[in-house]
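A.B. asks: Sequence:
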Amino acid sequence: MSFHFGIIGATGAIGKELLILLDELNITLESLKLFASQSSQGKKINFRGEEIPLLPLNKRAFEGLDIAFFCAGSAISKEFAKAATESNTVVIDNSSAFRLDPQVPLVIPEINPEALQNHQGIIANPNCSTIIALMALAPLHKEFGLQRFFASTYQAVSGAGNKAIGELQSQLKSWSSNENISKPEVFPHQIALNLFPHVGDFGPDGHSSEELKMLNESRKILNLPNLSVSTTCVRVPVLRAHSIAITAQFEKLPSIDRAYAALKNTPGIEVIDNPTKNHYPIPQTASKNINCQVGRLRKDAALENGLSLWVSGDQLWKGGALNAIQIAQEILKK
Numbered sequence: 204m205s206f207h208f209g210i211i212g213a214t215g216a217i218g219k220e221l222l223i224l225l226d227e228l229n230i231t232l233e234s235l236k237l238f239a240s241q242s243s244q245g246k247k248i249n250f251r252g253e254e255i256p257l258l259p260l261n262k263r264a265f266e267g268l269d270i271a272f273f274c275a276g277s278a279i280s281k282e283f284a285k286a287a288t289e290s291n292t293v294v295i296d297n298s299s300a301f302r303l304d305p306q307v308p309l310v311i312p313e314i315n316p317e318a319l320q321n322h323q324g325i326i327a328n329p330n331c332s333t334i335i336a337l338m339a340l341a342p343l344h345k346e347f348g349l350q351r352f353f354a355s356t357y358q359a360v361s362g363a364g365n366k367a368i369g370e371l372q373s374q375l376k377s378w379s380s381n382e383n384i385s386k387p388e389v390f391p392h393q394i395a396l397n398l399f400p401h402v403g404d405f406g407p408d409g410h411s412s413e414e415l416k417m418l419n420e421s422r423k424i425l426n427l428p429n430l431s432v433s434t435t436c437v438r439v440p441v442l443r444a445h446s447i448a449i450t451a452q453f454e455k456l457p458s459i460d461r462a463y464a465a466l467k468n469t470p471g472i473e474v475i476d477n478p479t480k481n482h483y484p485i486p487q488t489a490s491k492n493i494n495c496q497v498g499r500l501r502k503d504a505a506l507e508n509g510l511s512l513w514v515s516g517d518q519l520w521k522g523g524a525l526n527a528i529q530i531a532q533e534i535l536k537k
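The opening position of the sequence shown corresponds to residue 204 in the working numbering, with each subsequent residue numbered one higher.
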């Protein structure tokens with residue numbers, strides 16, 4: 204069977220990766236509609252040899268679409284998602300607009316595909332860091348029973364969009380040419396040769412919005428409403444692929460051998476763990492990789508029943524576009 208897809212925000216970072224993956228994964232399409240902002244009107248994008256025009260978005264734009272991928276931010280999702288469902292189009296939303304709505308499934312297909320049952324037309328794609336962290340933690344939770352975890356994220360600039368990528372590249376070019384680096388426009392500080400613990404907006408309790416996403420989304424996806432999560436999110440001068448250092452505590456005493464077996468038997472996970480030969484996950488090997496990579500697995504020295512590990516994953520793929528496509532595949536199976 205073939206289907207009618209639409210991408211809202213086709214020129215953004217996730218929209219572009221959706222087009223790449225739809226082609227690379229050989230997803231069969233009857234038609235594809237692309238929507239973008241007013242500044243892109245009149246332009247076209249080449250997909251499988253066809254020049255597809257960028258269309259304006261309105262509330263009648265979804266007629267005839269089976270699935271619409273929303274990749275244009277929370278405001279657009281809140282304004283147009285209902286109109287899409289009224290046209291019998293299933294919305295897969297990459298923004299934070301509906302993630303914590305109790306009526307909307309928040310889905311990582313390898314972890315909680317059952318959440319798609321009885322959906323009401325909108326499915327939320329989790330935050331990129333949450334996806335990457337839980338791809339590693341979910342199989343360990345099944346094996347040993349997750350109680351709490353601590354995470355420090357090392358987040359690539361592409362998580363902040365195309366302008367952020369350009370800002371890092373421009374600053375690196377200026378530095379390498381021994382020129383003055385321009386004042387940053389996307390980030391609060393220079394990102395080239397630097398990092399800062401600031402991803403998202405800060406709340407009154409001192410946590411950033413990105414840190415609270417890890418807590419609240421993990422609870423919902425794993426169906427662990429009392430799960431304790433402590434996160435510090437850090438922006439680093441890497442183009443793509445996030446990395447996360449995780450220390451987790453479990454109900455049962457974890458066995459390293461059983462932990463390795465659980466990870467290796469999980470679709471979407473690649474174990475790379477031979478530190479003595481410098482083999483461990485890094486953004487360079489995780490970039491444009493459909494798998495999340497896990498390594499540095501060891502018993503934790505501070506927590507009882509604890510494990511420490513390191514995971515890297517491409518936040519534009521598994522942390523965004525790929526997870527959205529996998530959700531679509533699960534829906535279309537049914």
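Just so you know, these hints were derived from the structure itself, not from any lab.
Hints may contain errors.
Listed below are the simulated DMTMM-like cross-link pairs for lysine to aspartate or glutamate, each with C-alpha atoms no more than 25 Å apart in a straight line [what the hints assert, rightly or not]: (1) Lys386 x Asp408; (2) Lys366 x Glu346; (3) Lys537 x Glu253; (4) Lys281 x Asp404; (5) Lys345 x Glu454; (6) Lys262 x Glu282; (7) Lys536 x Glu282; (8) Lys455 x Glu254; (9) Lys366 x Glu382; (10) Lys345 x Glu289; (11) Lys536 x Glu289; (12) Lys219 x Glu253; (13) Lys262 x Asp304; (14) Lys502 x Asp460; (15) Lys537 x Glu346; (16) Lys502 x Glu282; (17) Lys285 x Glu454; (18) Lys537 x Glu317; (19) Lys247 x Glu266; (20) Lys281 x Asp304; (21) Lys345 x Glu382; (22) Lys491 x Asp460; (23) Lys480 x Asp460; (24) Lys537 x Glu289; (25) Lys236 x Glu317.
A.B. asks: Look at each hint and say if it fits the structure.
C.D. replies: For each hint, the structure was consulted:
1. Restraint check for Lys386 and Asp408: not satisfied, since their Cα atoms lie roughly 29 Å apart, outside the 25 Å limit.
2. Taken as a hint, the Lys366 and Glu346 pair is broken in the structure, with Cα atoms around 41 Å apart against an allowance of 25 Å.
3. Restraint check for Lys537 and Glu253: the C-alpha separation of about 30 Å exceeds 25 Å, so the hint is violated.
4. For the hint pairing Lys281 with Asp404, the CA-to-CA distance comes to about 20 Å; that is within 25 Å, so the pair holds.
5. Simply put, Lys345 and Glu454 have alpha-carbon atoms about 11 Å apart, close enough for the 25 Å limit, and the pair holds.
6. This hinted pair checks out: Lys262 and Glu282 have alpha carbons roughly 9 Å apart, not beyond 25 Å.
7. For the proposed pair Lys536 and Glu282, the alpha carbon gap of about 28 Å is over 25 Å, so the pair is violated.
8. For the proposed pair Lys455 and Glu254, the alpha carbon gap of about 56 Å is over 25 Å, so the pair is violated.
9. The straight-line distance between the Cα atoms of Lys366 and Glu382 is roughly 20 Å, inside the 25 Å bound, and the hint therefore holds.
10. Between the alpha carbons of Lys345 and Glu289 the distance comes to roughly 38 Å, so the proposed pair goes past 25 Å and is violated.
11. As the CA atoms of Lys536 and Glu289 are separated by approximately 22 Å, the hinted pair is consistent with the 25 Å bound.
12. Taking the CA atoms of Lys219 and Glu253, the gap is near 15 Å; set against the 25 Å cutoff, the hint holds.
13. At most 25 Å may separate the alpha-carbon atoms for a hinted pair to count; Lys262 and Asp304 meet this at roughly 22 Å.
14. For the hint pairing Lys502 with Asp460, the CA-to-CA distance comes to about 11 Å; that is within 25 Å, so the pair holds.
15. Between the alpha carbons of Lys537 and Glu346 the distance comes to roughly 28 Å, so the proposed pair goes past 25 Å and is violated.
16. Straight-line distance between C-alpha atoms of Lys502 and Glu282 comes to about 47 Å, which puts the hinted pair past the 25 Å bound.
17. About 42 Å separates the Cα atoms of Lys285 and Glu454, which puts this hinted pair outside 25 Å; it is violated.
18. With a C-alpha separation of about 11 Å, the suggested pair Lys537 and Glu317 falls inside the 25 Å cut-off, and the hint holds.
19. Restraint check for Lys247 and Glu266: the C-alpha separation of about 21 Å stays at or below 25 Å, so the hint holds.
20. At roughly 12 Å between alpha-carbon atoms, Lys281 and Asp304 fall within 25 Å of each other, so this suggested pair holds.
21. With a CA separation close to 53 Å, the supplied pair Lys345 and Glu382 exceeds the 25 Å bound.
22. About 29 Å separates the Cα atoms of Lys491 and Asp460, which puts this hinted pair outside 25 Å; it is violated.
23. Proposed proximity of Lys480 and Asp460 is supported: the alpha carbons are some 20 Å apart, at most 25 Å.
24. Pair hint Lys537 plus Glu289 holds up; C-alpha atoms about 20 Å apart against a cutoff of 25 Å.
25. For the proposed pair Lys236 and Glu317, the alpha carbon gap of about 29 Å is over 25 Å, so the pair is violated.
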